[in-house]
Amino acid sequence: MNLPVLILGARSDMARATARAFAALGHPIQLAARDADSLGPDKADLETRYSVEVTLHEFNALDVAGHAAFIDGLPALPGIAICAVGTMGEQEENEKDPARAVAVLRSNFEGPAILFGVLAERFVNRGSGTLVGISSVAGDRGRASNYVYGSAKAGFTAFLSGLRNRLAQKNVHVVTVKPGFVNTAMTAHLDLPAKLTAEPDEVAGAIVKAVKKQRNIIYVRPIWWLVMSIICAVPEMVFKKTSI
Amino acid sequence: MQLSGWGNFPKRTTQLTAPRTEAEVAAQIAEGRAVARGNGRSYGDSAIGAARTLDMRGFDRMLSFNAATGQLVAEAGVMLSDVIDSFLPRGWFPMVTPGTKLITLGGAIAADVHGKNHHVEGSFRACVDWIDLMGPDGAVTRCSHDENAELFGWTIGGMGLTGIILRCAIRLRSVKSGWIRQTMIPAANLDEAITAFEDSMAATYSVAWIDCAAKGAALGRSLVMLGEHAEPGEVPPRYRATPFKAPRRRKKTFPMNAPGFALNPLSVRAFNALYFWNGSRQEGQQIVDWDGYFYPLDAILKWNRLYGRKGFMQFQCVLPQDSAREGLHRLMSAISESGQASFLSVLKRFGPQDSPFSFPMEGYTLALDFPRHARAIALMPELDAITLDHGGRFYLAKDSRVPADTFTTADPRAAAFAQWRRENGLADAFASAQSERLHL
Chain A
0 MNLPVLILGA RSDMARATAR AFAALGHPIQ LAARDADSLG PDKADLETRY SVEVTLHEFN
60 ALDVAGHAAF IDGLPALPGI AICAVGTMGE QEENEKDPAR AVAVLRSNFE GPAILFGVLA
120 ERFVNRGSGT LVGISSVAGD RGRASNYVYG SAKAGFTAFL SGLRNRLAQK NVHVVTVKPG
180 FVNTAMTAHL DLPAKLTAEP DEVAGAIVKA VKKQRNIIYV RPIWWLVMSI ICAVPEMVFK
240 KTSI
Chain B
0 MQLSGWGNFP KRTTQLTAPR TEAEVAAQIA EGRAVARGNG RSYGDSAIGA ARTLDMRGFD
60 RMLSFNAATG QLVAEAGVML SDVIDSFLPR GWFPMVTPGT KLITLGGAIA ADVHGKNHHV
120 EGSFRACVDW IDLMGPDGAV TRCSHDENAE LFGWTIGGMG LTGIILRCAI RLRSVKSGWI
180 RQTMIPAANL DEAITAFEDS MAATYSVAWI DCAAKGAALG RSLVMLGEHA EPGEVPPRYR
240 ATPFKAPRRR KKTFPMNAPG FALNPLSVRA FNALYFWNGS RQEGQQIVDW DGYFYPLDAI
300 LKWNRLYGRK GFMQFQCVLP QDSAREGLHR LMSAISESGQ ASFLSVLKRF GPQDSPFSFP
360 MEGYTLALDF PRHARAIALM PELDAITLDH GGRFYLAKDS RVPADTFTTA DPRAAAFAQW
420 RRENGLADAF ASAQSERLHL
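Protein chains in written order, with numbering that gives the first Met the number 0: chain A, 0 to 243; chain B, 0 to 439.
One or more hints might be untrue.
[Stated by the list, open to error] Quick look at which bits of chain A chain B covers, simulated, 3 or more residues with Cβ under 8 Å:
{"#": "1", "region": "29-43"}
{"#": "2", "region": "122-129"}
[Said to hold, decoys possible] Derived lysine-lysine pairs resembling BS3-like cross-links, with alpha carbons at most 30 Å apart:
{"#": "3", "chain 1": "A", "residue 1": "Lys194", "chain 2": "B", "residue 2": "Lys214"}
{"#": "4", "chain 1": "A", "residue 1": "Lys208", "chain 2": "A", "residue 2": "Lys194"}
{"#": "5", "chain 1": "B", "residue 1": "Lys301", "chain 2": "A", "residue 2": "Lys208"}
{"#": "6", "chain 1": "B", "residue 1": "Lys244", "chain 2": "A", "residue 2": "Lys212"}
{"#": "7", "chain 1": "B", "residue 1": "Lys250", "chain 2": "A", "residue 2": "Lys211"}
{"#": "8", "chain 1": "A", "residue 1": "Lys194", "chain 2": "B", "residue 2": "Lys251"}
{"#": "9", "chain 1": "B", "residue 1": "Lys214", "chain 2": "B", "residue 2": "Lys309"}
{"#": "10", "chain 1": "B", "residue 1": "Lys251", "chain 2": "B", "residue 2": "Lys309"}
{"#": "11", "chain 1": "B", "residue 1": "Lys251", "chain 2": "A", "residue 2": "Lys212"}
{"#": "12", "chain 1": "A", "residue 1": "Lys211", "chain 2": "A", "residue 2": "Lys239"}
{"#": "13", "chain 1": "B", "residue 1": "Lys10", "chain 2": "A", "residue 2": "Lys194"}
{"#": "14", "chain 1": "A", "residue 1": "Lys208", "chain 2": "A", "residue 2": "Lys169"}
{"#": "15", "chain 1": "A", "residue 1": "Lys169", "chain 2": "A", "residue 2": "Lys212"}
Bear in mind the hints are in silico, worked out from the structure with no lab data behind them. Computed from a predicted structure; not experimentally measured. Even for Gly, the Cβ is constructed at its ideal location relative to N, Cα and C.
Produce the complete structure using the sequences and hints provided.
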């Protein structure tokens, strides 16, 4: 039977594409974001296209104290929860302005991690569930050009890895998604190489497949596995002098 | 950045943004000389903003569907392919569709696209109930046949120059299956093709592929293809249990820009002869799936690369009914004598059209692709002159090269459109490379 799919950070392009991909399979959809009422057109879209039930939920990832209440407020405990929360910010601003750095660290790591921790307990109690965390290749190795964002994603990746390890015997599955470059509103101002850049629909398709096949860690475009393997293999004394 | 249309020519510098909210759209309009862009399938420079281009594909939500009336309300960036994906399984199909489904609804309205059923049902306009349009001041106006009718009229076929289309309501048609009963009529020459069209005015769909390489007695030989939506009982037995489901076609992507010599008079002549011969063997009735019938080229993604780096141009004109036969003879003779045969050539009978600035008129339309090399470019003025001589006009969605005076002579409505734009304060806010080229 089709349990609801909870989409956290539902306003992003990747989240919207992922919501559609699961709605197309007949899953009811729970869209969660700040200012959730403004997601009315997205709710209408999923209902019109796929004739599934869609609910909107006010959710602030940074309000970690409210996470348990947020989950209690859902009409049903989801079968699959997908976290697309996070902001990249500008590295230069993140370096200079502690407040911005804190916002990036919290929205990419603390908020998603704490929420998944709470959800994991509910899933363990029920005896089933899948958690999908959208992390980033930027977390595989810190680089000068975006290490604030990257370190937050590294934290989230490590958290997901540990959670997966803990829940492996409890029929709760954890998927780590590393999309690489994605053609979204967040990256619209960047000039991205076409071969390395996925469309949001591709990310959504990869997530659906990863959930179905119980994959652990996925790179949306396989070439990213190779790229990151090479980047991670460079010795630090060489790496520190590069600019990638 | 440099942006081009589907023909990969011309490339023009414009500032491209992908707004996600109406406030972002309004901010772009306020900067001036902006135009909306959908999926970039217009061939020339119509979807390149004179200063700013708004990629509207982020506005891709379907908002409601009324199964009693078939009315779909959707944002302008929704693709026709998405409409089919969502609604064909429920027994609905676009009322009017051009030869590609990879277009947005906003683009379909702006170009007032036509399909194989124009002779019966008219252009895309026929299925549009209303449009929400953002004007130069950022205010959103709903227009329809009854409400702000003048704005509605100019917007359909107005090439995005009346405002930014945000939402629309269109009506879909109810169908009994996803299959088409196709009747193939080989026509040995142009006169036979015209006769076949005139004898088939009752058919729901009609279109002809025309061989531009054939000469002499075979000048204008064609394959006229008629179509009707098939009844569930006509669906091939293995698909009868799911009559709305077409066999999935493998999508192929044209891998790279073809070298300039790939399309030469010899290869085009050979292709055309082979195509005609193969089509003639399929004379009579066949049941074909909707995707192959309406959108044969959509199976090859990025097929525009066939024409190489320099890109290609499309010539599409319409000639009025009373001079069409003679005009078509002259066009086909000019093309076949030049040796610049077109790889893909389409002939279609249009029915009556009643709208202020849409392309179609009752008569015949001819659409031809040419690679952009010197001899083909040299042929264009000749084709333009024949079109003018016979009272024809040109299709803005395909155009990248018609000279401004030729365009305005062929289409006196252009001056009225430009004047109306000035009087309503639209000329500075909305402008494309094409509108500046043609003084629209």
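Between the region 29-43 of chain A and chain B, are there enough contacts, at least three residues with CB-CB distance under 8 Å, for the coverage claim to hold? holds (count 3)
Report holds or violated for chain B covering the region 122-129 of chain A, Cβ cut-off 8 Å, minimum 3 residues. violated (count 0)
Measure nothing beyond the straight line between the CA atoms of Lys194(A) and Lys251(B); if it is 30 Å or shorter, mark the hint as holding. Distance of about 17 Å is within 30 Å: holds.
Quick one, are Lys169(A) and Lys212(A) close enough, alpha carbons at most 30 Å? holds (17 Å)
Taking 30 Å as the top limit, are the C-alpha atoms of Lys244(B) and Lys212(A) close enough? At roughly 26 Å apart (the allowed maximum being 30 Å), Lys212(A) and Lys244(B) satisfy the hint.
Compare the distance between the alpha carbons of Lys214(B) and Lys309(B) with 30 Å, and conclude whether the hinted pair is satisfied. Measuring from Cα to Cα gives roughly 28 Å; hence the hint holds.
Are Lys301(B) and Lys208(A) close enough, with their CA atoms no more than 30 Å apart? Measuring from Cα to Cα gives roughly 26 Å; hence the hint holds.
Tell me if the straight-line CA distance from Lys208(A) to Lys169(A) falls inside 30 Å. holds (21 Å)
Is the hinted pair Lys251(B) and Lys212(A) satisfied, with a Cα-Cα distance of at most 30 Å? holds (26 Å)
Checking one constraint from the list: CA of Lys211(A) to CA of Lys239(A), max 30 Å. Satisfied? Distance ~40 Å between Lys211(A) and Lys239(A) Cα, so the pair is violated.
Hey, Lys208(A) versus Lys194(A), does the alpha-carbon distance stay inside 30 Å? Judged against 30 Å, a Cα distance of about 21 Å means the pair holds.
Sort out whether Lys309(B) lies within 30 Å of Lys251(B), counting only the CA atoms. Between Lys251(B) and Lys309(B) the Cα gap is close to 22 Å, so the pair holds against 30 Å.
The structure fails hints 2, 3 and 12 (numbered hints given earlier, in ascending order).
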